[in-house]
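J.: Below, each chain spelled out in residue letters.
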Amino acid sequence: MQTELFINGRVHRLDADARVTLLDALRHHLGLTGTKKGCDHGQCGACTVLVDGRRVNACLTLACMCDGAEITTIEGLGEPGALSPLQSAFIAHDGFQCGYCTPGQICSATAMMDEIAAGWPSHATEDLNAPVRPSPEEIRERMSGNLCRCACYPNIVDAIMEVQG
Amino acid sequence: MTRHRKIDHPDNDNRLDSMAQGVLGKPVDRLEGPLKVSGLATYASEARPSGMAHGVLVRATITKGRVVGIDRQAALALPGVMTVITDPRMVRYPAQGMAGKGPKAGPDVVDYHGQPIALVVAEGFEQARHAAKALRITYEEEPAPTDPDTVTPEVPDAKQKAQGDLDAAIRDAAFSVDCTYTTPTLMAVAMEPHAAIAEWDGDRVTVRAALQMLASDRKQLADALGVGPEQVRLLAPYVGGGFGSKLGIAPEAVAAAIAAKELGVPVSVALTRMQEFDITHRRSESRQRVLLAAGADGVLTGIGHEALVSNLPDSPFSEPVTQATPFTYQAAHRRIAHRIARVHRSCAGSVRAPGEAIGVTVFEAALDELAEAAGIDPVELRLRNIPDREPGTGRPYSVNRLGDCLREGAHRFGWNQRRAPKERLEGEWFIGMGMAAAVRVNMLIESRARVTLTEDGAKVETDMTDIGTGTYTILRQIAAEMLGLPVDLVEVHLGDTDFPPAAGSGGSFGAASSGTSVYLACEDIRARIAERMGCTDAELRLQDGRASFRNDTRELRELLAGEVLVAEGHVEPGDAEKQARQATWGAHFAEVAVSRHTGEVRVRRMLGVFACGRILNEKTARSQCLGGMTFGIGMALTEGVEHDPRTGHIVNRDLAGYHLPSHADVPEQDVVFLPDRDGFAGPMQAKGIGELGICGAGGAVLNAIYNACGVRVRDLPATPDKVMP
Ligand code: FES
Ligand code: FES
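These protein sequence lines map, in sequence, to chains X and P.
Counting from 1, one number per residue, gives the positions in the first sequence under our numbering.
Counting from 1, one number per residue, gives the positions in the second sequence under our numbering.
Rather than coming from a laboratory, the hints here were simulated on the basis of the structure.
Be aware that a few hints might be false.
A few chain P residues facing chain X, derived, Cβ under 8 Å [to be verified]:
#, residue
1, 124
2, 652
3, 654
4, 668
On a predicted model such as this, the values are computed, not experimentally measured, just so you know.
The beta carbon of each residue, even a glycine, is placed where N, CA and C say it ideally should be.
For reference, chain X alone in the conformation it holds in the complex (with noise of 0.2 Å):
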């Protein structure tokens, strides 16, 4: 099946199974691994990438639904040398210990905070008239999908808070 994707600015064009999900696509055909497989099921936000600026699991989409969609994985965030204000952050907070959840939780926050500033309420929201102010509440309820078991979890937060704030 032919698919062409728009990955971190470059044209990428994909022959591949039509069972391919979006996140094997990357891992498999394309030498993009930074982006997980923590469970290939949408319960852990490992493989979370930006579909159009939005976060979506990888695992649960299929690569051929993308064609013509521009994607964002973490490699497209930022690199040694040059990375985002949040991966650097999650540097000085020790937001990470193994590192595998780490490139979910990055696009998943980076997504998250366009949220915020657009204004998106969430469960932990006390006003909805009011503008969303990012709070370490705000983060945790908004960030509760992407997992980490080393539970690095007040740092990420620390790390998000100290870009957002």
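Based on these hints, arrange chain P with the ligands on the given structure of chain X.
T.: Just chain P with the ligands now, with coordinates in the frame of chain X:
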């Protein structure tokens, strides 16, 4: 040159404290951080050698019996399918950590529901996954027990201990407790599932794998494959968490190597999350009876801790639930009992802090019951029962900081604000505080590392792993400190069995063991530099790439004059570990809110105070403790495997059914390290840290629930149905 040291005596020289670089212990950022945050750190399943095929394991759908036939026709007829493998060398479950040989082989014999019995290999992953479902398997089934409560357990003599007359002590006690707690099967759930990519070159195989202890894993894999260890090379530069689940080799690595040999192409086998639940080690469920007798002053006269755990018949491992009980508190009358139910659930093995994780948690909950019965503050009760020497053996403690941790924690947490149960109500929420001691045995394991010093800096090489523990960074700091170099000038290379064999990551011994080997190698290099400077090591000052002795300061570059200094450090445990009881100590404090309407428990804040020898990196050490404390939240509130009562099979084998704490479940957590040195642990005076945070943490949460709403949950986890006040 090899500098070898057996730790036969406590080493209280504190040499590291007189080094000049000043980087050890500091909160230095992780060396590999930039790679991990940009997705460039490559884990086991992330290589793409050309021609690589994909294998998918097929699991048994019976509990016990034999595979008598596999019809492969339909599977082999599918596009892309290359082979179906049922090699007798394929293993049934993972090896226990540090085992010298491979685990039980022979996939045609089924020991548990979900066991791997075949591997389907295809050109594409999707093809293999689909074909794995097309095998027609026939079995000869045998009946098998799966419920630990329905079998007569084994009672190994060596694991029963008694002293005095516990029953009489209970009879005569001013206050006593006799309670039984149960903990469910728990899983490590490292975020990276097990995976392996095997590739042969002649009669040598290289396996990229998700493993914690490469030196012993190499022997296990060689044994399983029937080749020599020198024919096996393992690579694990980055490991996505372990928590015990990757101590020994597991079925995927063996299967990948066998398939790669048969097909002559590289083969990748990755476990799915569900297979991860089925096939990798579980922490045994436990039934624990705790008996406590105390005088009117709260001083313990009797301690009993009886545990029932389970494992497969013949498995050498049984969760050492009572490991810390004999040396944590004193009492003249004691009884330790250990029973093992032989059942056909999946194989039980080490999961983060085997023993103490559930043993200390339950014991500390029982102590809370005693404190309540005796009307004594729980912190005070513990302080009254800290022994001067190890009970039973009379050995001294290398260091015992339990009292210090308890006092410091109580002070920082505001423990004096604690009220009686149900006294603090905020809206629908009862608020309560709980605490527990943290204890974990400390070990040193043989380890080697090579350090190379050139004009441009230093390089550390060892087959040690970094499973998120911070190994890259602390080894860098140790070498930088010893050799007087800025951290940026020290490279660290791990996770390759071509490097000197290390202790591996497990049992919290990794940092101190591999760290000491680096320390020793650097000591050797220092001695050679000192010789050039005409002084002793003690007189030598190394800082920022310069060596000085009195008024003579020279650049390392000048001293080396193009020469490369290489040294290997080799540490072995020795008599020191027999001379004193070594452990790490701590205290947990938790505040929870319990909904009076729903029984929902929210942890509001948590503090851990720990003493574990010299801290090598404040930042990574703290993260390790946060991780352990959060495992405790999971153990107390949400985590637990449900076994199908008919088959023993794990029912909730995914992350929607097995609930790890998520962001919203984890509140502010504080970690405090008490300044500490333990010479019995070796020249660095550093001890383990990765497991202490989980030991007792769940107990603090359970005790806080009781303090909030007056409900004592003795069957973990404390889900709302059990808490509902
Ligand atoms: S791998 Fe996609 S959510 Fe877990
Ligand atoms: S850093 Fe290991 S799972 Fe998050």
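J.: Check each numbered hint from earlier against the structure, then list the numbers of those it violates in ascending order.
T.: 2
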